[in-house]
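S.K.: So you can see what is in the structure, the chains are spelled out below.
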Amino acid sequence: MDRPATDRRTATPDRGTAPAAVACDDLVVRYGTTVAVDGLSFTARAGEVLALLGPNGAGKTSPVETLEGYRRPDGGSVTVLGADPVADHAAVIPRIGVMLQRGGVYPALAPGRVLRLFAGYYDDPEDPDALLDLVGLEGVRGTPWRRLSGGEQQRLSLALALIGKPEVVFLDEPTAGVDPEGRLTVRSVIRSLRERGVCVVLTTHELTEAERLADRVVIVDRGRAVAEGTPAELAADRSDGSIRFSAPAGLDTAALAGAIGAGAELTETEPGQYRLAPGGTAVPDALAALTTALAARGTAVTDLRTGASLEEAYLAVTGGERIGDGTGGGRDGGAGRGGGRRRGRR
Amino acid sequence: MRPFATQLRAELDMVFANGETLLLTLGIPVLFLVFFSGVHILPTGTKHPVDFLVPGILALAVMSTAMVAVGIGTGFERGYGVLKRLAATPLGRPRLLGAKLAAVVAIELIQAAVLLAVGLGLGWRLPSNAAAPAAVGAMVLGTAAFGGIGLVLAGTLKPLVNLAVANSLFVVLLLVGGMLVPLTKLPGWLQAVAKALPASALADALHAALGTGGAPTATDWVVLAVWAVAAPMVAALVFRWE
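Each protein sequence line maps, in turn, to chains A and B. Per the numbering used here, residue 708 is the first one in the first sequence, and the count goes up by one each step. Per the numbering used here, residue 290 is the first one in the second sequence, and the count goes up by one each step.
A few of these clues could be false.
[As the list claims (entries may be wrong)] So the derived label-pair ranges between C-beta atoms look like this: (1) 298(B) <-> 903(A): 23 to 33 angstroms; (2) 323(B) <-> 814(A): 53 to 63 angstroms; (3) 795(A) <-> 291(B): 20 to 30 angstroms.
Keep in mind that the hints were calculated from the coordinates and are not lab data. Backbone N, C-alpha and C fix where the C-beta goes; we use that ideal spot for every residue, glycine too.
For reference, chain A alone in the conformation it holds in the complex (with noise of 0.2 angstroms):
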């Protein structure tokens, strides 16, 4: 590899030394006048599973396909296991797996035969057979692809993109319209990836997933990484002190935060959702007093926590549009795009 280790993204102590096997550096794409993706820089190395987050034209597949050799960059440049995707593409290409968004899969041909045919594209190829069962398709193997449900597709994509033995795998939207049982199987493959030292770059426009998936996240909005760290750290960077908890709607908001100490301020955020400002008092000390005073009223708590999550540092970055599964709370106000607006690493 002739790309130096040091990359400044990569030199911090907590990530090693090891060479990017993946980089987009400053990388522009444009459709006509349309800026896509709009100076966006990431890495990832090695046994690592990125994850690109963001809405739904974010710009998180306009890089994947540029890292794919699908495009050149318009500004920037990307490489790919230190190589150029497009200039040495024959080179790259058989040491990288492809998850398209959707399709790319003859609709005649059935799972079985479709993965012998793309084994015989690599010259040491995965077992179909093993791949089979490994994404759990082994009781559709002879159903033709547009007869199989939308999960199984995409578990057939999953598997070609493993065929060929690789080192980098992409994955564009892994588990959109996958079922749930369909989802732990994704995961586990990316798991079982990711221990045999394989670089996973995702993309998802689904909180949760990104949380589950990924060691690091990548929030992109309008074509730009607006954050970037492991899920922890991101939820920790927006972390002001408070709690959050579910209840039912409509507690009495005043008379609980009067239980909890002096200054302590309880907002309900929005229906069942709340959010305590201890003021004075400590957190664990506050902590008590709420479930003390929850429990004299028989009020049913859940999903408590102190700190942000990923969703809250995600709101607050992109200037609280909503994605994933609609859950959670809204944004606390202030922290928007012009307050939020950092790539973030501790």
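Use these hints to put chain B onto chain A, whose structure you have.
M.R.: Coordinates of chain B only, in the frame set by chain A:
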């Protein structure tokens, strides 16, 4: 070699598993040959219609495989994102195109064998001065020309529009291409147009080589050669892979 062989097998598998393609490439040509050889309603101008029909329907077979069958299949592969996905495998575009071309040649060989056998069964006899090399050369050029036209359509139109246009073009060229009806039976202006098209050039060349005997005319060769070069070039320029 292995990726190419793997792909070629898959291309042939898909052709033979697809009823529509078999109907188009074998069913219709054989049906026309048998029916119009027995039912003398076409003004073929020959004593036995089969003498005119065997060369004409060989030209039809080339057109059906290279332009329609491959063109429609490729259009749907483009629509389903298969071509895009294959670009991200070590197969690569040159080997994909090579495999498609090899599949076309294989199908045409089968078509030729079946049509010639049926023709012989219907009383067709190869003339003593037949020019087999000229026939093969004309079919090679025709394959390039019709393959190029099919890929121009497949690479620019939506799959269903491509399907409709390719099938319509097939029917029109079948009627004005001198395959079932001699060009001389067409109105003068239509003859002039038809003579510039690859369908009539191929049919005319095959009629000369395998029917009346003797060499195809220079006009046939020029028209075929121009289409055989121009159509694939245009396809290379306008083809959109996704």
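S.K.: Hints broken by the structure, by number, lowest first?
M.R.: 2
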